[in-house]
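Chains as they are written, first to last, in my numbering: chain A, 1 to 121; chain F, 1001 to 1326.
In case anyone wonders, no lab produced these hints; they're calculated from the structure.
One or more hints might be untrue.
To be verified - Here are the simulated BS3-like cross-link-like pairs (lysine-lysine), alpha carbons at most 27 Å apart as the crow flies:
#, chain 1, residue 1, chain 2, residue 2
1, A, 114, F, 1197
2, F, 1084, A, 19
3, F, 1127, F, 1284
4, F, 1080, F, 1284
5, F, 1080, A, 114
6, A, 85, A, 25
To be verified - Where chain A lies over chain F, by a calculated footprint (3+ residues, C-beta under 8 Å):
#, stretch
7, 1052–1066
8, 1258–1264
Said to hold, decoys possible - Simulated coverage check for chain A against chain F, where a stretch passes if three residues somewhere in it have a Cβ under 8 Å from a Cβ of chain F:
#, stretch
9, 15–28
10, 35–47
11, 97–103
12, 110–116
Every value quoted in this text rests on a predicted model; they were computed, and no experiment measured them.
Here a beta-carbon is modelled for each residue, glycine too, at the ideal position from N, C-alpha and C.
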Amino acid sequence: MERDDLIEYSLDAHHSEDKGLEIRKKIYKVTILLTLITVVEVFLGAVIKQDASIWPFVKWSFVALTLLKAGYIVMVFMHLGDERKWLRYVILVPYFIFILYLIFIALWEAVAIKGVLTLFH
Amino acid sequence: MMWFFLVSDALTFGGLLISYGFTRHDCLESWPIGEETFNSLPFLGHGYPLLYVALMTFILIISSVTMVLAVEAGHRMDRKGVTKWMIATIIGGFFFVGSQAWEWYHFIHGSEFGKVELADGSMAIVKGHFGEVQNFTVIEAGSHYKKNQVIKEDLMHTFQHAAAAGHIKNGIITLHDGSKAQVNKAKDHELKLIVKKSGRVHKASKEKRVITGKEAETLYYEALYSGEANRVIYGANLKQNEYGPQQYAQFFFFITGFHGFHVFSGVVINIIICLGVVAGTYHKRGHYEMVEKNWFVLALCRPCLGLCIYILLPHIISAHGTRRFN
Chain A
1 MERDDLIEYS
11 LDAHHSEDKG
21 LEIRKKIYKV
31 TILLTLITVV
41 EVFLGAVIKQ
51 DASIWPFVKW
61 SFVALTLLKA
71 GYIVMVFMHL
81 GDERKWLRYV
91 ILVPYFIFIL
101 YLIFIALWEA
111 VAIKGVLTLF
121 H
Chain F
1001 MMWFFLVSDA
1011 LTFGGLLISY
1021 GFTRHDCLES
1031 WPIGEETFNS
1041 LPFLGHGYPL
1051 LYVALMTFIL
1061 IISSVTMVLA
1071 VEAGHRMDRK
1081 GVTKWMIATI
1091 IGGFFFVGSQ
1101 AWEWYHFIHG
1111 SEFGKVELAD
1121 GSMAIVKGHF
1131 GEVQNFTVIE
1141 AGSHYKKNQV
1151 IKEDLMHTFQ
1161 HAAAAGHIKN
1171 GIITLHDGSK
1181 AQVNKAKDHE
1191 LKLIVKKSGR
1201 VHKASKEKRV
1211 ITGKEAETLY
1221 YEALYSGEAN
1231 RVIYGANLKQ
1241 NEYGPQQYAQ
1251 FFFFITGFHG
1261 FHVFSGVVIN
1271 IIICLGVVAG
1281 TYHKRGHYEM
1291 VEKNWFVLAL
1301 CRPCLGLCIY
1311 ILLPHIISAH
1321 GTRRFN
């Protein structure tokens, strides 16, 4: 059925069997990668205890690995990587600016409040 | 348009998690550590810190994969493929929601030891193997139980209730009918107290907070058998919890509840669309756009959130906090 009542790019999003094979290959590849990352995370968490001296390193590697995972999910599984460049920026840039700023300011304030509470305790 | 919905949704969750971080940062030492709170696995018991959380997150990632495969099959107009992968996604979703119910049950129910307020006013959580409560031997008759009667039913429940209400004094429990009974309990093993809030003697500082051995046992039972109400707290509700500050349980319930609702509604929509796929509605339309739209709704915060609340955020925050305080 021909649709002319709305403009929606995804209506044209059909692809051939060959292209499908290629896409599925990519999906499986990313799945294996995400599994590996998860295994590494669980392994690190199980082997290294929180009192260990290299714990801060482990902690930040958790942060980095999680961001890597999130990046793959958003870019490949959620197809943000296939969008046009500027749409990509419109989605990502405000999010990063606001969230990073919010994390920074909320934690900074929390530390200040804790300081005041400790002072008067 | 879907992307703008996603961004707003991500910001909602971002706001929730950051407010969690703010509160956690406010009371750094007393905040529970994920490894101390979530350490059980179904059928295997305790001693597996955060493993189940990792598993749950992984289930979500896998159900993202099955959903993206359903979308791909839709682009090839492969109805059978779409159905297959959507059913897999629905199963994954139910698995996650079920796991969450299990986790909530454990969180609300709490541990066998609970959290105790020690004699000096400090608060400590307790780890170790709880010695079973074997029976109560009545030593003073009440309106229901007779002297020398041995009670063997509902022991743990009665024991915890009485301990929290301050009805156990020096190993003698006062039952609800007014009778008094001797508590016969097996010995605990590897009892360990972790001080979470400093008192006059015991401090929550990193070096000194763990108390073990005979001292731990004495302190614990001194509090448990003090005969005072509220010296021990079991499990969690919106008023108090055994894990840490009151806000901890409130954040846990709200954020994971909100996320669970998100996943559950996603699964319901998934089922409806799956029925449409089976009935051939989308095939007749000539495109599987609905599947794709729904995928977007589902995909977003699913895999990321579990990680955030249990691991990522606590880690970022404690990294930040440690730097500034020690």
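Verification of the supplied hints:
{"no.": "1", "hint": "114/A with 1197/F", "result": "holds, 15 Å"}
{"no.": "2", "hint": "1084/F with 19/A", "result": "holds, 20 Å"}
{"no.": "3", "hint": "1127/F with 1284/F", "result": "violated, 60 Å"}
{"no.": "4", "hint": "1080/F with 1284/F", "result": "holds, 14 Å"}
{"no.": "5", "hint": "1080/F with 114/A", "result": "violated, 58 Å"}
{"no.": "6", "hint": "85/A with 25/A", "result": "holds, 24 Å"}
{"no.": "7", "hint": "1052–1066", "result": "holds (count 7)"}
{"no.": "8", "hint": "1258–1264", "result": "violated (count 0)"}
{"no.": "9", "hint": "15–28", "result": "holds (count 7)"}
{"no.": "10", "hint": "35–47", "result": "holds (count 6)"}
{"no.": "11", "hint": "97–103", "result": "holds (count 4)"}
{"no.": "12", "hint": "110–116", "result": "holds (count 4)"}
When held up to the earlier numbered hints, the structure conflicts with 3, 5, 8 and fits the remainder.
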